[in-house]
Amino acid sequence: MAKSGKPVEKPGEKSVESAVESLFEDRSAKVEQIAQDLCDRLDNPGAYKWYVKLAWYLPPNILYGNLVIAKGGRTPQKLFTHLCKKSLEHSERYRRCHPER
0 MAKSGKPVEK PGEKSVESAV ESLFEDRSAK VEQIAQDLCD RLDNPGAYKW
50 YVKLAWYLPP NILYGNLVIA KGGRTPQKLF THLCKKSLEH SERYRRCHPE
100 R
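Numbering that gives the first Met the number 0 puts the first residue of the sequence shown at 0, with every later residue one more than the last.
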């Protein structure tokens, strides 16, 4: 053990902390990429934070399925938001993080 109390990493080996950080960074980057794509496709750059939240809690197949449906409506941005709110109600990940809802 190092003096800091953390185990010493062997060459070519990752600690649990660095592995978790790496997974979190990968997921964050993917979420940001999806949110930006939604902003571009719906022509709604002001909704970036909302789309980040949606991308964090909903899987891409649900998001893009809602997008396809919304594109067929008269107001795609509003329809997309409505569909995603409904999807969040059924999202296990969202309910785990927000049990009071």
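A hint or two may mislead.
As the list claims (entries may be wrong) - The list that follows gives simulated cross-link-like pairs (lysine-lysine, DSBU-like), each with its CA atoms no further than 30 Å apart: (1) Lys48 / Lys84; (2) Lys48 / Lys85; (3) Lys52 / Lys70; (4) Lys85 / Lys29; (5) Lys85 / Lys52; (6) Lys70 / Lys85; (7) Lys70 / Lys48; (8) Lys52 / Lys77; (9) Lys29 / Lys52; (10) Lys77 / Lys48; (11) Lys77 / Lys29; (12) Lys48 / Lys29; (13) Lys84 / Lys70; (14) Lys29 / Lys84; (15) Lys84 / Lys52; (16) Lys70 / Lys29.
Treat the hints as calculated values from the structure; they're not laboratory data.
Hints versus structure:
{"no.": "1", "hint": "Lys48 / Lys84", "in the structure": "holds (15 Å)"}
{"no.": "2", "hint": "Lys48 / Lys85", "in the structure": "holds (18 Å)"}
{"no.": "3", "hint": "Lys52 / Lys70", "in the structure": "holds (20 Å)"}
{"no.": "4", "hint": "Lys85 / Lys29", "in the structure": "holds (23 Å)"}
{"no.": "5", "hint": "Lys85 / Lys52", "in the structure": "holds (14 Å)"}
{"no.": "6", "hint": "Lys70 / Lys85", "in the structure": "holds (17 Å)"}
{"no.": "7", "hint": "Lys70 / Lys48", "in the structure": "holds (20 Å)"}
{"no.": "8", "hint": "Lys52 / Lys77", "in the structure": "holds (16 Å)"}
{"no.": "9", "hint": "Lys29 / Lys52", "in the structure": "holds (12 Å)"}
{"no.": "10", "hint": "Lys77 / Lys48", "in the structure": "holds (16 Å)"}
{"no.": "11", "hint": "Lys77 / Lys29", "in the structure": "holds (24 Å)"}
{"no.": "12", "hint": "Lys48 / Lys29", "in the structure": "holds (14 Å)"}
{"no.": "13", "hint": "Lys84 / Lys70", "in the structure": "holds (16 Å)"}
{"no.": "14", "hint": "Lys29 / Lys84", "in the structure": "holds (21 Å)"}
{"no.": "15", "hint": "Lys84 / Lys52", "in the structure": "holds (11 Å)"}
{"no.": "16", "hint": "Lys70 / Lys29", "in the structure": "holds (23 Å)"}
The structure is consistent with each of the numbered hints, conforming to all of them.
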